[in-house]
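Please build the complete structure, drawing on both the sequences and the hints.
Each chain, letter by letter, is given below.
Protein chains: 2
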Amino acid sequence: MSRPISHLYAVILAGGSGTRFWPLSRELYPKQLLKVIGNRTLIQETVHRVRPIIPVERTLVVTGAAHVDSIRMQMDGPAGVRKDNILTEPVARNTAAAIGWAAAAVRRKDPDGVMLVTPADHIIPDAAKYLGAIALAARVAQDGRLVTFGITPTRPETGYGYIKVEGRRPLAGRGALKALAVARFVEKPDLKTATQYLRAGGYYWNSGIFVWRADAILREIEASLPRLARGLKRLEQALGTQEETRALERFYKEAESISIDHGVMQRSKRAAVIPAPFRWSDVGNWSSLNEVAKTDRAGNVRIGRIVDIGSRDSILYGENRLVATIGLKDMVVVDTADATLVCPKDRAQEVKQIVERLRLEKAPEHLIHKTVHRPWGSYTVLEEGPRYKVKRVTVNPGGRLSLQHHHRRSEHWVVTAGTARVTCGDRVFDLRVNESTGIPQGTAHRLENPGTVPLDIIEVQSGDYVGEDDIVRLADDYGRTEKR
Amino acid sequence: MSRPISHLYAVILAGGSGTRFWPLSRELYPKQLLKVIGNRTLIQETVHRVRPIIPVERTLVVTGAAHVDSIRMQMDGPAGVRKDNILTEPVARNTAAAIGWAAAAVRRKDPDGVMLVTPADHIIPDAAKYLGAIALAARVAQDGRLVTFGITPTRPETGYGYIKVEGRRPLAGRGALKALAVARFVEKPDLKTATQYLRAGGYYWNSGIFVWRADAILREIEASLPRLARGLKRLEQALGTQEETRALERFYKEAESISIDHGVMQRSKRAAVIPAPFRWSDVGNWSSLNEVAKTDRAGNVRIGRIVDIGSRDSILYGENRLVATIGLKDMVVVDTADATLVCPKDRAQEVKQIVERLRLEKAPEHLIHKTVHRPWGSYTVLEEGPRYKVKRVTVNPGGRLSLQHHHRRSEHWVVTAGTARVTCGDRVFDLRVNESTGIPQGTAHRLENPGTVPLDIIEVQSGDYVGEDDIVRLADDYGRTEKR
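The listed protein sequences correspond, in order, to chains A and B.
Using the working numbering, the letters of the first sequence correspond one by one to residues 944 to 1427.
Using the working numbering, the letters of the second sequence correspond one by one to residues 944 to 1427.
Bear in mind the hints are in silico, worked out from the structure with no lab data behind them.
Do not take every clue at face value.
Same chains, same names: a pair is fine if it fits in one copy or spans any two.
Claimed, not checked - No more than 30 Å apart at the CA atoms, straight line, and that leaves these computed lysine-lysine pairs for DSS-like:
id, residue 1, residue 2
1, K1026, K1305
2, K1305, K1237
3, K978, K1052
4, K1305, K1272
5, K1196, K1072
6, K1052, K1288
Structure follows, in structure tokens:
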């Protein structure tokens, strides 16, 4: 087994809000928060993958306000990330700003800190090989190199940037692994150029996973993005002081929106690449699942309850319903609680247009799932009618919803698992499995899980308006002042 | 508008239990009970289509015990079929027995009765042309002819029987319509033979829709199926007497299982065919919807909430969820509450194998829908967990569930529409919208709709076992002694 590598920090970029994985991903629930394959979400998997070499106190996550609640929940527990290691960006400003902030934070903790920078939503099935490559990268990074992992192209892909290596001898190596100097980074090519690269060799896909010393990347930012560097210097001085929040607001207000690839890597003379010894996918759309997910003998990825006759090389994904397929070839079928997608694999990227159309129609399916996560747990809308709504509400042990009332609906709660502590007007009482209560319209109420197992209730809302925005919060454990 | 045709009866065969329309149809909910296109179910549409020429008192339905409750509900009301005109077969014995019984019943009502015999689950979009053809058929039938409608083949179909006409002059005609003598009925051909038929001309598909005098078909049954005829004679003598039920049981016990086509039509010398002037489909599987449903400009049948980019000639069917499709060609996508089907149109008939596999796995999706119909209304399972189940229950005005109790679950009811009259132990009380009650485990209870609008409740069941079979019926308005 691998052992922790001294001074190595993980910086996980979790700001993504991709829609290319719709209908599994939604605008408010992007790919990194999803269990795409296996029992962990992609961000949980990303943390878990490097845990053998990077301990919890050296794992940082950078995300935005929209996802920080979900990230906190998913990163909760000893295997996750400490709350004060989650860096919340006030606005999104692309990767240079995010990495700059993280680098400043790492250097403050450890002047010799080395950063593994990785997106939260990539899949790397061969964890051991990945860790071996990181170990070499961390060694090469000691010379001030900006190390990235290059993926050997298997097709003339036009969706990735490419890295051209210098033809000369390796900078370093370990066994079959080697680190090579980078000749140049190349923008996403057209199909003809991509085909030439594939034929010529010496070109790698840019994985977007980097290893470097915190001080090295800050130096390179200073050389290539002097304005961002000045902002970072001011921010760094404020870190850990009362001024931190204000400094962060100002930094993000002024920061230019540029990627680390464009802003720094393409201009650096210190870039190095390690051809990846591991399988990798950025899971850019449904068709890319083939590269990393297990397939059956006919080449199908089958996830969920699938009954199939004779399909080949297809992605068959059922979230909770039965999915029956016959004679499909190179197709994608994704069946979720409120939306189903069917398309040929080679048109999977057009899902973005579907989502765009739904956004224009203000259809909820582009934005949220039927299950919505909250700091205290989650709820799922089971059915909504003209004057009623039925939800399953799950409250985590110790979780407590806000003290609230509704103007236009009453609520009925039936406990189906765990114990509920109910506040209703002046009364506080406990309900056990099989017990129920009614909350009259306008009465202040609160639901709490005082137990050690999750609390499940069925909530039936009834009234002339049952929208989520009819909620008046009187007190809240999670500092929620707006309606959410 | 057409006017009623004297002595003409409709005999609607509604015994089918096809699975080829899965997942929309289920073993306990076949095609004739479904709204495939439009706002009526296929059997409602079948009755409605002939209503201008056949009044309600001359409309009969033959069905089996499994579907009689659903048929009764769907045929309820002035536009439907009278309860005593629904003939319930004790067992299924193919069409010769069903038609024989109906013929005996019609002759008893009217010695000059003429029968339009039609399956309950065909789609005929051009009703006026259909009625015109029936009028001609009824005239031709006066000579004792067995008249059928022949569909002009548009492809070398191997799934239908064919009718070869005699080349001579028409037996009768009206405008472009003509009735021709039949040379012979031909079994379902292989592809080569079907192609020859298509090229040769003079062959028609057998629609399975017939017009004949009741006494004529009984005479022909006597000639071709003497054993069945003897049974029918005994049955006919018992009709309207106390012996009827016993005679019916005996008739069906002894009746041979043979179709009217095999048993009578193929042997008759009095068969005639009217080439159909109307579009027709037996909706034999999903791909056949194209023949009769409206299509968009790209040739797609789109039913439900469909968001599509560039699909062509496909069947896109969404029951309640959003269905997004991209770039499909000649595909079938059917999305229902608990199961989704995706297959190429030319493999739609293999749905039978999917259903067979589900039956072997004892998966509920082959048998029932999430919504189950009952004599008093219907219920839909919204969610089922390890120790709970959530249902929406709809009770028709005047409807009343059985007085019952459960050994292993308690129930909680919240009224979301209408008024509920609740019996719980010794108490009887009314609940209005927004009100709720709890039914303790083991307590006798009953739910009734005393109002004039449908009653909707949300029922949360909670207990260590929430299966449908934990029900003890103490009294029931619908004579249900078994558990259902």
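Exercise for the section: Determine which of the earlier numbered hints do not hold for this structure and return their numbers in increasing order. Expected result: 1, 3, 5 and 6
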